Each structure stands twice: as structure tokens, then as C-alpha cells.
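Number of protein chains: 2
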Amino acid sequence: MEGLKKKGGEKMSEKEREIIRRETLDFFEKAGIVLTEKEKENIEVASFGLDDLRRTGLQIVTYVNTGRYCAKELVLVPGQTCPEHRHPDRNGKKGKQETFRCRYGQVYLYMEGEPNENPVASPPEGDEKYYTVFNEIILQPGEQFTLPPNTRHWFQAGQQGAVVSEFSSASDDASDIFTDSRINRLAELED
Amino acid sequence: MEGLKKKGGEKMSEKEREIIRRETLDFFEKAGIVLTEKEKENIEVASFGLDDLRRTGLQIVTYVNTGRYCAKELVLVPGQTCPEHRHPDRNGKKGKQETFRCRYGQVYLYMEGEPNENPVASPPEGDEKYYTVFNEIILQPGEQFTLPPNTRHWFQAGQQGAVVSEFSSASDDASDIFTDSRINRLAELED
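Chains as they are written, first to last, in our numbering: chain G, 82 to 272; chain Z, 82 to 272.
Chain G with its partners taken away, still in its complex shape (with noise of 0.2 Å):
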């Protein structure tokens, strides 16, 4: 992810990627999850090339990814978002499966369903446009969620921020669909 670019052209700021590490630090230790030293040395920042990281970013250390199952961590510093995406079949296989489960603070998870009328959490300003599901449900620690296969979803974290544990089928996040046709995560993936 080194190479990604600011708009402008600018390499975005190294510095701005490591404050968000540390504070990704601070709440694993809040949540009372050890790592190890490499998993913290490793923690993955995922801008999705918006170059907006801390209204639309992830934090993620994945613990395992077999082929068959897999476990990340995933950590959202306060009103940090998730943008919407999907996991679709692929080799004639189901979608990716996901469950998430709170750790510590409060989620905000929105799917396809029927809309809530009065969602708690926005899309990041101006990017209202690629925010379509707003079937909502809010986790809070211990509590967790299911999703389907192939389902639009997208999360954002409460005022104090969020870790929540992924448990899931196999994970390939290059094959994820994003509303927002500006992300290309195999770009951020590869570089």
C-alpha cells in the first residue's frame, strides 16, 4: 500500500498511517486482545484508495485464511467507515460468509432489507451516493451478526470506536464489490 496516491498526486501521508496504527493499538488493548509483536508490526491500514482513512478506512490484523475459513480482528477508530460492498460467487462457489461480532464500543451494521426509517450512523459526508442499504442493526460487545452471502453491507463504528472479530468462509478481498466505483482494492491490495 506504500505507493498509493492523494488525489493531487501526493503520497498519502505515512505519518497519518502510523497514528491510525497506534490508536489500533490502544483499542486491541482496551478490547484485552493480545497480539503479537509481528501481527502489530503488520496491521493492516486499508484506505481503499479514498485517501480518507479516517472517515473511510478499516484497521485489520487477520489471524487466519486457510482456503476454507477465516479469522481477522477488525478495528474502526471513531465514526470510521466501512464502505459498502459485497462478496459474490465466484468459481461457481457462494459468496463469502460473514459473521461479525462485537468486541468492544458499538457497531453499525446496514445490509439490504427493509431501510430503517431513523438510521443511527450517516455515510461519510458527500459520499452519500454510494450508500444504497440501510436495513440496520447495532451491535454492542458480545453481540454478533450473520450476514448472507452475496448481500450489500457496510459499518461504521460508534463514538468510541470499534473491534470487532470476523469470522468467515475463505477470504479474498480482491473479488469484493464496492457501490463506490471510485475504490479499486486489488490496487491497494497489490501495491
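Treat the hints with caution; some may be incorrect.
Said to hold, decoys possible - Rough simulated footprint, nothing fancy, chain G against chain Z, three-plus residues with beta-carbon under 8 Å:
(1) 141 to 147
(2) 213 to 226
Claimed, not checked - Derived contacts from chain Z toward chain G, CB cut-off under 7 Å, selection only:
(3) 116
(4) 152
(5) 180
(6) 189
(7) 241
(8) 248
(9) 260
No lab work stands behind these hints: they were computed from the structure.
Quick caveat, the model's predicted, so the values are computed rather than measured.
Note that CB positions come from ideal geometry on N, CA and C, so glycine has one too.
Mind docking chain Z on chain G? Use the hints.
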């Protein structure tokens, strides 16, 4: 599991089971893991039909088991052992593949392979003949190990007890094959 009988025909003590359940809740608290009230009430206490719970047993919270993936928390009281078993291939599919991640305490994991000459843990006294693999992996908090499918393994908690996250492919406990022929997991699960 209500109907489990002591060797003498007496019902396994509900009091014993309740004491272990309370200790399990304490371990979750020490590990910083938040459970819902429903999960707390439904903690599975597995004695493997041996009626020797504090030495040979396992406490389990299953978060999700979708047929594609599974996530559990396992709790062992100090020195408690999960007896040797393997997850065989079934219906033409590879056996269950498991990742154990230590969250709290210490776990001594033994599997097929070069035996350790001075293993830290010992099988429960009197049951040595049911323990045949001694390739030792020690897991401290934050450390994990992924076991190949269909591999015999057993594990024991250190003196502090242990909380272990298990991430895996779909789980079907009834198909597990235990080295100890006295164990009939299916009977316990159906009871």
C-alpha cells in the same frame, strides 16, 4: 448431557457442573471476553462421558457454525485436558481443519510428529494408554497454531487455566474419533 451417569450409575453431579460453569465465566472475564446472557447460560460443559470433568473435560461457547466455518471459545480449568482425538475426512470432504489461538493462560498442545522428549504436560494419570502423540506446541496468549485435518491431537491447560479461540471449517463433533474407546461423544451430545 443431563442424563450422564457416574460409573456407579449415579447421575453426574449437577453441582460439579455448575461450579465449573462459574469458573468458566471467571476465565472469560479475566480474558476480557464479553458474552451475552444467553451465551453464559448455555456454556457447554463436555465431560466426554468420562465423569472426570476437572481432569478430562472442556468448556465451550460456540459462536457460529454455519456449515462453512465455525468459531468457538474453549475454556480449560488449570490442568484440565481435552482428550486425544482427530477429525476424519467425511462425505468425500477433508476433515475439520482447526486453528487454536491462545487468549489467556497457557496451552500445551500435542499432535502427531516428532515426540518431545520431555513434554511439559502429562496425560491424566491412569489414562496414559489413550495418549499416543507428543509433538509439543506451547501457546502463550496471542500465539496460535493451525492443525492439519485428520491429525491426532490433545491439549492441556497450564496452571493458570486457559482460554482458547478455535477458528475452523464446519464443526461436527459427532464425527470426532477419540483414541480413548470409552469416549462416546455422540451419546453426550444427544443426551
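Here is what the structure says about each hint:
Coverage of the segment 141 to 147 of chain Z by chain G holds in this model, with 3 residues showing a Cβ closer than 8 Å to a Cβ of that chain against a need of three. Counting residues of the segment 213 to 226 of chain Z whose beta-carbon sits less than 8 Å from any beta-carbon of chain G gives 4, enough to reach three: the coverage restraint holds. Checking residue 116 of chain Z against chain G: minimum C-beta separation of about 5 Å stays under 7 Å; hint holds. With a cut of 7 Å, the hint placing residue 152 of chain Z at the interface with chain G holds, because the nearest CB-to-CB distance is about 4 Å.
Here the hint on residue 180 of chain Z is kept, as its CB sits about 5 Å from the closest CB of chain G, short of 7 Å. Because the closest C-beta pair between residue 189 of chain Z and chain G is about 18 Å apart, greater than 7 Å, the hint is violated. For residue 241 of chain Z, the shortest C-beta to C-beta distance to chain G is roughly 14 Å, which exceeds 7 Å, and the interface hint is violated. Satisfaction of the interface hint for residue 248 of chain Z is found here, the shortest Cβ-Cβ separation to chain G being roughly 4 Å, below the 7 Å cut-off.
Nearest Cβ of chain G to the Cβ of residue 260 of chain Z: about 25 Å, over the 7 Å cut. The hint is violated.
Violated hints, listed in ascending order, are 6, 7, 9; each of the other numbered hints is respected by the structure.
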